[in-house]
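J.: Residues per chain are reported as follows:
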Amino acid sequence: MPNFMELALDYAQSNAPVWLQPTVSEGRQLWEKQALPTRKTEAWKYTGVHNLRQPYAVGESTAVALKDLSLSLPDLDAHRVVFINGHYRAELSSDELPQGVELVRFAQATAEQSAEIAKYLGTIVSKHDHVFASLNDASLTDGVFLSVAPGVVVDKPIQLVWITASQTAAFTTTQRLLVVAGANSSATVVEHFAGVRGEQAAFTNGMTELLVQAGATLEHYRLHLEEGAAMHVGGVHARLLANATLNSFHLALGSVLKRIDVVVDFQGAGAHCELNGVYLPRGEEHIDYHTCLEHAVPHCTSSETFRGIVGDSASAVFNGRIHIHRDAQKTRAELSNKNLLTSTRAEVNTKPELEIYADDVLCAHGATVAQLDETALHYLRTRGVSKAEAEVMLNFGFINEVVDGVRLDTLRAYLRPLLAHRFSRDPHLARHLA
Amino acid sequence: MSQETIDKAIDKEYAAGFVSDIESETLPPGLDEDVVRFISAKKGEPEWMLEWRLEAYRTWREMEEPEWAHVHYPEIDFEEVSYYSSPKSMEDGPKSLDEVDPELLATYEKLGIPLHEQEMLAGVAVDAVFDSVSVATTFRSKLAEAGVIFCPISEAVHEYPELIKKYMGSVVPRRDNYYAALNSAVFSDGSFVFIPKGVRCPMELSTYFRINEAKTGQFERTLIIAEEGSHVSYLEGCTAPMRDENQLHAAVVELVAMDDAEIKYSTVQNWYPGDAEGRGGIYNFVTKRGVAHRNAKISWTQVETGSAVTWKYPSCILRGDNSVGEFYSVALTNNLQQADTGTKMIHLGKNTRSTIISKGISAGKSSNAYRGLVRMSPKAQGARNYTQCDSLLIGDRCAAHTFPYIESRNPSAVIEHEATTSKVSDDQLYLCQQRGLDAEKAVSMIVNGFCKEVFKELPMEFAVEAGKLLEVSLEGSVG
Amino acid sequence: MLKIENLHASVEGKDILKGLTLTVGAGEVHAIMGPNGSGKSTLGHVLAGRPGYTVTAGTVEFLGQNVLEMETEERAHLGIFLAFQYPVEIPGVSNMEFLKASVDTMREQRGLTPLDAVSFMKQAREACAAVDLELDFLKRGVNEGFSGGEKKRNELMQMMLLEPRLAVMDETDSGLDIDALQVVAQGVNTMRAADRSFILVTHYQRLLEYIEPDFVHVLAGGRIVRSGDKSLALELEEKGYAWLEDEVA
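Protein chains in written order, with this note's numbering: chain A, 1 to 434; chain B, 435 to 913; chain C, 914 to 1162.
Treat the hints as calculated values from the structure; they're not laboratory data.
Fair warning: there could be bad hints in the mix.
Said to hold, decoys possible - Quick list of simulated restraints, FRET-style, between CB atoms:
(1) Gly397/A / Lys1052/C: 34 to 42 Å
(2) Asn184/A / Gly932/C: 40 to 48 Å
(3) Ala1030/C / Thr789/B: 27 to 35 Å
(4) Arg197/A / Phe512/B: 54 to 62 Å
(5) Pro500/B / Lys33/A: 23 to 31 Å
What the hints assert, rightly or not - Simulated pairs of lysine-lysine, DSS-like, Cα-Cα distance not exceeding 27 Å:
(6) Lys886/B / Lys857/B
(7) Lys1013/C / Lys875/B
(8) Lys813/B / Lys387/A
(9) Lys1035/C / Lys1052/C
(10) Lys784/B / Lys698/B
(11) Lys890/B / Lys902/B
(12) Lys875/B / Lys1035/C
(13) Lys813/B / Lys40/A
(14) Lys631/B / Lys476/B
(15) Lys875/B / Lys778/B
(16) Lys1013/C / Lys890/B
(17) Lys857/B / Lys1143/C
(18) Lys886/B / Lys799/B
(19) Lys330/A / Lys927/C
(20) Lys330/A / Lys799/B
(21) Lys902/B / Lys1052/C
(22) Lys875/B / Lys890/B
(23) Lys631/B / Lys599/B
(24) Lys40/A / Lys778/B
(25) Lys778/B / Lys45/A
(26) Lys857/B / Lys1035/C
(27) Lys857/B / Lys330/A
(28) Lys387/A / Lys784/B
(29) Lys857/B / Lys902/B
(30) Lys1035/C / Lys890/B
(31) Lys1035/C / Lys886/B
(32) Lys698/B / Lys600/B
(33) Lys45/A / Lys813/B
(34) Lys875/B / Lys1052/C
(35) Lys890/B / Lys813/B
(36) Lys476/B / Lys600/B
(37) Lys1013/C / Lys902/B
(38) Lys890/B / Lys600/B
(39) Lys886/B / Lys902/B
(40) Lys799/B / Lys631/B
Just so it is clear, CB atoms sit at the ideal spot from N, CA and C, and this is done for glycine as well.
Generate the whole structure from the sequences, applying the supplied hints.
T.: Here it is as structure tokens:
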């Protein structure tokens, strides 16, 4: 493995809390043993990591006001935890938490808490299938452990914000979240990545592990709003036990490189997952979503919808795998991926995959790539809508089905104008949508 | 429905599994430059052909066997394979059918392919390839009247060297992949077809391939050239005896459809699939590809029921504007058979169109994968693809996979892909049985219904044959 | 013709029929009515031999033979026809080839030669016309994309072609408008014959206004709790089923 991450790895080795040190050093060993993926690596066929290979400084703690970063976070009425460049910012975070919810930062964990965290940390992700998982382990100095006690229904969403602000040179940060939703509990978690459009590269290596225990329901949102040179490689790894429900929504605006793996492992009968996503690269941006639903046990259901709009010289990759293991009978799994190309230089590579080892299952997938429907465009124009405005409306309409599925009203209200404006720099054109 | 009934319904014998007692000259196993020279000399080839083979051989030596397909088999020892086998009676080459060994003719009769012209299927010309050599090509004079050339490729090397030099390897280059390189080095025989400008081939052309000798590989090579505005329909059938060891079959098929030409290529592949325990059977590693020029159309239809392992992706390069590519496939695997098959549609020209209909049926403990690529290049303005991939599972120990690669770099191109999986449902069987049909008939009817969209693409008499073949191949899978 | 004695049957371990006794003579039409969940449909499936329907006690004799020992298709060969309440779709298999296969098998079982294509088409055409189905339906996949009413008429059409000895009509009337109902009723009435019996399973009296039954039975709790002539159906229409259930309890 080339040593472009050396500074961050050394930093973690000397700064990680003592109880995390075995994780850090094992992670480093594994990372250094592996090779960076190439175009010949099937899972990286369409995504090159050449942009990553530069020396990175370690993210610095900066005391800044959000408005100085010209960032606005959704007004969610949420419990909020904010990190800037990988460092916890108390002044931006709220500390009171409802009964039955425990939120512990790795760096602050007591002996008892760290023992609890260590029980779950790294057990949900399959490290040998994901090269960058070991890098995440190897660069850990902090992270968030969120635990919801059995039976507890958390009324307010819990929002975790990771901001990449500017530094003087290319830098790297590590994000790690571990959620354990206890049996029959119910909670909403919003992961929010935001960044300042900076000239120099920032590389976030992120990893979230979700354990949804029997009968629990987890509403999960992962918003990637960083743009420009803010690279992100990482993913979400979830495990569902019997009758658990995970509703997971993903959004990615583009940046030079974004690669997100979402893996859902069904380990208990009767579990259900709804996985939805939207990706909108433009300019020279690149987004790669690799999703994998591991149906390992019978009687589970999954429904997955991803929509992408790719403009300018941008490129997008979607790989949606559904794996029905032997004996996972009565599984129902559906996947739909639709893409719009809005420029002659844009590119989409999609591969919905089915791997099925049980016969009594209902599985289907569909994928399309096309441009905006000319007849719809024409229809709108005959009704007096300008071509530009009609395009914005139709683009928005293309993803609206997925955005409408966002259950959190305040979040939906925050996202709609943000997305509408993504399709036009002229706010007037999006006025009917926001 | 009980596993027993299903089993009963699918368990039938491989009907083409007999061995013909024919004395043959077979090269000892192993592959080196001398073997390549031997094969070339055997065919009395000119120097340029030998050089072409040797270059392929050297390329092959440097290449690695592909491992990405969803199939598993013990490593093939390429030194254990014999690369040439010919019936002794063919040594001096028969001048006409009357000189062909009666035992050989009997073999083809037994397979239902009479080679005597008066007995033949009306309107179908047949080239029969037995192990490494072509034994008979029928209706040649009638075809010649229309200007159509239909002959063994070994003969074409002598008779039409300019065409061979120009087109052989032009669609599937020697270094295209491991098996294509191997084939280019040691190919023994196969069919050559040339349809001149504006000619509509007056009859169906077909080739029957038969592996007879033990421990031999078969490496046939087919080249079809359809000149401007011409039209041809070609069908190949394949069978092999039942043997305990695996046998290698690595063929290359190249199609060239010039402007406004149309080539319809149909395959009924029924190589020996091995027994219920997975012993024996053919390794079928085949490269098939066609280039379609302006307004041309290439249509692949395949019914794949045989072989222990299949690795095959008949593809279309849609080079010319408005060209059309089609792929209709039924792949059935039973017992321990494995298939990784599909197609590539490479859209280069404007307004090119492609359709992919793939029906995979898995039974027993078999594994059946569809692997496909649809690529829209930046210049493929207005191109369209529609893909429908359906899998049917029979029994709970089999596997069905779908790996469609979709790549688009043109916003005006439209790609639609859909895939489903299903099983033969208990309710469907019950309805059929309530109406008096037994389980076997019911399953075979349901499976045939599942494959209907593909069968209707086959020439009539072969569609019937394909339906029966499915029925036989499914035996023992109903339970 | 059909003799059911003390029939007990269960589905997925749940007892549905609990001692049903019924005798149907040649040429008779019996209506079986009853509330939802009383076991009406189960009776039809047990007679037809649906997998998963386990007979735990009792006997069923049809034309002097013990049908419980027989495979589904053997019972069909003997002349038992079930018109399904929810006929399944079989994509790709055309109605025509399905019917031809079925008719040929039935004829073979009766020692007859298969019909040639022309005579078969003639019969199929007539059957289609009789149930008011477009000829187009013969070319379409079995029940594929048919509306509820079309599926029911398709079942009736099959019955006409197969000429069973005993036809069990499982709620063939449900979901039909009045016109379709009359088509079905007329179909059944023209099929009535001295050597053919019918069991009409229905929830409503409505059908019986068009097909006059010889007997009406009420099925509740897995048993026949009351039998009578067609006036019983009218009584049920008026009072509902609750009073009967109370009576049984």
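J.: Each hint needs a verdict: does it hold in this structure or not?
T.: A quick look at each hint next to the structure:
1. Distance hint for glycine 397/A and lysine 1052/C: a CB-CB separation of about 38 Å, consistent with the stated range 34 to 42 Å.
2. A C-beta distance of roughly 43 Å is found between asparagine 184/A and glycine 932/C, which places it inside the suggested range of 40 to 48 Å.
3. Distance hint for alanine 1030/C and threonine 789/B: a CB-CB separation of about 32 Å, consistent with the stated range 27 to 35 Å.
4. At about 57 Å, the CB distance of arginine 197/A to phenylalanine 512/B agrees with the hint of 54 to 62 Å.
5. Distance hint check for proline 500/B and lysine 33/A: the Cβ-Cβ separation is about 26 Å, which falls inside the suggested range of 23 to 31 Å.
6. A distance of roughly 16 Å separates the Cα atoms of lysine 886/B and lysine 857/B; the hinted pair therefore holds under the 27 Å criterion.
7. Between lysine 1013/C and lysine 875/B the alpha-carbon distance is near 13 Å, which keeps this suggested pair within the 27 Å criterion.
8. A hinted pair counts as satisfied when its Cα atoms are at most 27 Å apart, and lysine 813/B with lysine 387/A qualifies at roughly 25 Å.
9. Simply put, lysine 1035/C and lysine 1052/C have alpha-carbon atoms about 15 Å apart, close enough for the 27 Å limit, and the pair holds.
10. A hinted pair counts as satisfied when its Cα atoms are at most 27 Å apart, and lysine 784/B with lysine 698/B qualifies at roughly 22 Å.
11. A hinted pair counts as satisfied when its Cα atoms are at most 27 Å apart, and lysine 890/B with lysine 902/B qualifies at roughly 14 Å.
12. Taking the CA atoms of lysine 875/B and lysine 1035/C, the gap is about 25 Å. The hint holds against a cut of 27 Å.
13. Between the alpha carbons of lysine 813/B and lysine 40/A the distance comes to roughly 26 Å, so the proposed pair stays at or under 27 Å and holds.
14. Restraint check: the Cα-Cα separation between lysine 631/B and lysine 476/B comes to about 33 Å, which exceeds 27 Å; the hinted pair is violated.
15. A C-alpha spacing of about 35 Å is found between lysine 875/B and lysine 778/B, which places the hinted pair above 27 Å, so the restraint is violated.
16. For a cut-off of 27 Å, the pair hint linking lysine 1013/C to lysine 890/B stands: about 19 Å separates their Cα positions.
17. Between lysine 857/B and lysine 1143/C, the direct Cα distance comes to roughly 44 Å. Violation of the 27 Å bound is thereby established for this hinted pair.
18. Distance restraint check for lysine 886/B and lysine 799/B: the Cα-Cα separation of roughly 24 Å lies within the 27 Å cut-off, and the hinted pair is therefore satisfied.
19. Only pairs whose Cα atoms come within 27 Å are accepted, and lysine 330/A paired with lysine 927/C is accepted, the gap being roughly 21 Å.
20. Note on lysine 330/A and lysine 799/B: the hinted pairing holds, with a Cα-Cα distance of about 19 Å set against a maximum of 27 Å.
21. Distance hint between lysine 902/B and lysine 1052/C is fulfilled; the C-alpha atoms sit about 21 Å from each other, no more than 27 Å.
22. Between lysine 875/B and lysine 890/B, the direct Cα distance comes to roughly 20 Å. Compliance with the 27 Å bound is thereby established for this hinted pair.
23. Only pairs whose Cα atoms come within 27 Å are accepted, and lysine 631/B paired with lysine 599/B is accepted, the gap being roughly 19 Å.
24. For the hint linking lysine 40/A to lysine 778/B, the alpha-carbon distance of about 19 Å falls within 27 Å, and the restraint holds.
25. Taking the CA atoms of lysine 778/B and lysine 45/A, the gap is near 17 Å; set against the 27 Å cutoff, the hint holds.
26. Pair hint lysine 857/B plus lysine 1035/C does not hold up; C-alpha atoms about 34 Å apart against a cutoff of 27 Å.
27. In summary, the hint linking lysine 857/B to lysine 330/A is supported, as the alpha carbons are separated by about 11 Å, within the 27 Å threshold.
28. Annotation: proposed proximity of lysine 387/A to lysine 784/B holds, straight-line Cα distance about 26 Å (limit 27 Å).
29. Among the hinted pairs, lysine 857/B with lysine 902/B is consistent with the structure: their alpha-carbon atoms are about 21 Å apart, no more than 27 Å.
30. Proposed proximity of lysine 1035/C and lysine 890/B is supported: the alpha carbons are some 25 Å apart, at most 27 Å.
31. Taken as a hint, the lysine 1035/C and lysine 886/B pair is honoured in the structure, with Cα atoms around 25 Å apart against an allowance of 27 Å.
32. The suggested pairing of lysine 698/B with lysine 600/B holds, with an alpha-carbon distance near 22 Å, which does not exceed 27 Å.
33. For the hint pairing lysine 45/A with lysine 813/B, the CA-to-CA distance comes to about 22 Å; that is within 27 Å, so the pair holds.
34. This hinted pair checks out: lysine 875/B and lysine 1052/C have alpha carbons roughly 20 Å apart, not beyond 27 Å.
35. For a cut-off of 27 Å, the pair hint linking lysine 890/B to lysine 813/B is broken: about 33 Å separates their Cα positions.
36. Between the alpha carbons of lysine 476/B and lysine 600/B the distance comes to roughly 23 Å, so the proposed pair stays at or under 27 Å and holds.
37. Among the hinted pairs, lysine 1013/C with lysine 902/B is consistent with the structure: their alpha-carbon atoms are about 17 Å apart, no more than 27 Å.
38. For the hint linking lysine 890/B to lysine 600/B, the alpha-carbon distance of about 35 Å lies beyond 27 Å, and the restraint is violated.
39. The straight-line distance between the Cα atoms of lysine 886/B and lysine 902/B is roughly 13 Å, inside the 27 Å bound, and the hint therefore holds.
40. For the given pair, lysine 799/B sits about 49 Å from lysine 631/B by alpha-carbon distance, which is inconsistent with the 27 Å threshold.
In summary, the numbered hints that this structure violates are 14, 15, 17, 26, 35, 38, 40.
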